[in-house]
Amino acid sequence: MALTGIEIFKLLPKTNCKECGDPTCLAFAMKLAAGKAELSLCPYVSEEAKAQLEAASTPPIRPVTMGVGDRALKVGGETVMFRHEKRFDNPPGFAILISDTMDEAEVNARLERFQLEYERVGLILRPELVAIKCESGDAGKFAGLVDKVKQESDCSIILMSDNPDILAAGLKACADRKPLLYAATEENAERVAGLAKESSCSIAAKAPGLEKLAELTTKLTEAGVNDIVLDSGSRTLRKAFEDQVIIRSAPLTKQFRPLGFPTIVFPCEMTNDPMKEAVIASVFVAKYAGIIVLSDFQGESLFPLLVERLNIYTDPQRPLATTEGIYEINNPDENSPVLVTSNFSLTYFIVSGEMENSKVPSYLLVKDTEGLSVMTAWAAGKFVADAIGPFVKKSGIEDKVKHRKLVIPGYAAAESGGLEEELPGWEILVGPREGSLIPAYLKTWNP
Amino acid sequence: MAFEIPKISYSGKVREVVLGTGDKAITVGGEAVYPFYLFEGEMPRLPRIAMEVWDMQPDGWPEAALEPFAGVTDDPVAWAKKCIDDYGAEMIALQLISTDPNGLNRPAEEAAAIVKKVADAIDVPLIVWGTANHDEDTEVFRIVAEQCQGKQLTIGPVEEADHKRIGAAAIGYKHTVGASTPIDINLAKQLNILLGNLGVSDEQIMMDPTVSGIGYGIEYCYSVMERIRMAALTQQDEKLQFPIICNLAKEVWKTKEAGLPTEEDPKLGDVKKRGILLEAMSATVLLLAGGDVLVMRHPEAIRLVKEIIAELSAEQ
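Chains as they are written, first to last, in the numbering used here: chain A, 803 to 1249; chain B, 20 to 335.
Hint data in this document are derived by calculation from the structure and do not stem from the laboratory. Certain hints may be false.
Mimicking SDA-like on lysine to any residue, the simulated pairs with C-alpha atoms at most 25 Å apart in a straight line are [what the hints assert, rightly or not]: (1) A:K1161 x A:E1126; (2) B:K100 x B:Q76; (3) A:K888 x B:S242; (4) A:K1089 x B:Q76; (5) B:K275 x A:P1121.
What the simulated footprint calls covered on chain A by chain B, stretch by stretch (three residues with Cβ under 8 Å from a Cβ of chain B suffice, anywhere in the stretch; the number is not a length) [said to hold, decoys possible]: (6) 881–893; (7) 992–1000; (8) 1073–1085; (9) 1096–1104; (10) 1144–1157; (11) 1208–1215.
By construction, the Cβ of each residue, glycine as well, lies at the ideal position given by its N, Cα and C atoms.
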């Protein structure tokens, strides 16, 4: 487990030579503990101390990166079992399966669906991976498909075959994409490890059960491969779920390094029902998977999964916020009502959703409240007359509407007097307290 | 390689609560491990699903959610029976939407009469859920509790402001309360303490931590539920050792994404399947956080979640 600054300090030379760039060894130790400095900056640290520090500073679950560029995926590196303890850092990647026995039209359709993406709270939600599976047994055919995928998509790639020759052929076609090689098994470990080392790619280790898996990863790390993703081989939901929990907890609670890697799961091999497959995938988003391979992507299942992932991997200490500004809902015009609210993303979603439901064309002014909800922001002085007033003025809404009526949330009713002073010429109307009452309110609104 | 599976040492257990009476009564709770951590211990009572029925014709439901109940949505009794007879509902959750003062504002006596009719027409456990308007809920539950004496209903939401009045009715006529707090472990504990002080027995309490669906803050309730379970199972916090009820269908199906027609945003896929999956996935996330009773709507989403529960707990 990670050492504290003081524990690290005890292992340093304590000469305060400053060659690391810090004024004292203690300061350097503190930086090391915070992960803000590298031990190699100290020229005098003893070999023994180095070994001890490296062992302690290695993350219990290794972060593994695959792919390159925008769709590169980093998984693993997690340090807790529960998200309220500290945020989950590296969201699982979603992969769509493409086989070399599919016809070209199907392959093309899947590559097109891989491009599905969604905008939410200013973020782009999209999948990262294409898993290319060799089912033909034909290395040339497989390599051809890999090449096609690489040419036509910027995806990260998983190469799937038990046969090292076939993996080698696929790898040759996309080595510069840094694919994940799936999979090294007890039988082929040496050769697949060789491929991974030559190309500095990551590797998936597959073995039946956790003990065998730990043996396999030990073999791989001894062969010099460290970027490993784990497949425990379980394809029933109960066993796969338990494996995810154990693979997360063994390195974190027992410092058991052979399982200290991210995982890969295959909902696509656990059912033939696409709806059920999606729900199974939702289990693994919450419970610890590193990569989730789906038989296909469809908007109705990919979208909820991507949003679930966003939710679970949100920093619990920092609320998601929406950008400040004017949001136009249902094509408003110069006579449409103007509402103002806070920029807590949930507030925004609920208020804008209800406004859309109302079908009434309207403007929503979203004031930056540092992600606080209306009531909290009001109590904290961030959603009060002298903050809202200047915001409304500079928002540009006065150029968009002829009337001068502003609807404020019911919970900020106390600000209406102050706002009329801040915004001369404006009439301040107090709207409902609950989002669900907005449609009824808007339907009665007159300019 | 010698590998010892790491196990958490649990020191507490969730209490068991009996819902309903007779052959169809259902016991929930009793788990001694985190949800579905069955390699560590027991979960003797698996989570259950209550099917939602509204006490008035729903307004604004997406087509997909109405379709399975075509012809009965204006009659709560027929609706509840359809859930049981056609969709195998093990429990019914009657939502008292009609009493909302900002809506239909139906008088308490009339609303209570409907509850009584539904309660008499079915033999599975009945959950009755108000609008969280304290005066309305108090008034309705005062009548309902008495008229449905002996049926061991679950009545909620019981909040701090109305816990004395509704709690007293529950004690008097032996119903279970759904103790509801706004996504906060400390408030949840506080309300349980207050209910205990009032005399509500430990076998009469379920907790409603306030839930929402995917995309609408599910991460907040997820973490609060995880923390509640952690306190209950590993920190012997007796005042949090209650089963958790998740009234989620209403929250999921009212979101924009659950009903946005396919043609308005083709990237979001088929609207019917999307609504079902949003409900099923939201339910699944809540199950993993500790949900014991899920209030759900779409029969297809319910089928999916039942299969997930069965497979997560399958013998191996």
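Hint by hint, here is what the structure shows:
{"no.": "1", "hint": "A:K1161 x A:E1126", "verdict": "holds, 23 Å"}
{"no.": "2", "hint": "B:K100 x B:Q76", "verdict": "holds, 16 Å"}
{"no.": "3", "hint": "A:K888 x B:S242", "verdict": "holds, 11 Å"}
{"no.": "4", "hint": "A:K1089 x B:Q76", "verdict": "violated, 38 Å"}
{"no.": "5", "hint": "B:K275 x A:P1121", "verdict": "holds, 21 Å"}
{"no.": "6", "hint": "881–893", "verdict": "holds (count 3)"}
{"no.": "7", "hint": "992–1000", "verdict": "violated (count 0)"}
{"no.": "8", "hint": "1073–1085", "verdict": "holds (count 7)"}
{"no.": "9", "hint": "1096–1104", "verdict": "holds (count 5)"}
{"no.": "10", "hint": "1144–1157", "verdict": "holds (count 4)"}
{"no.": "11", "hint": "1208–1215", "verdict": "violated (count 0)"}
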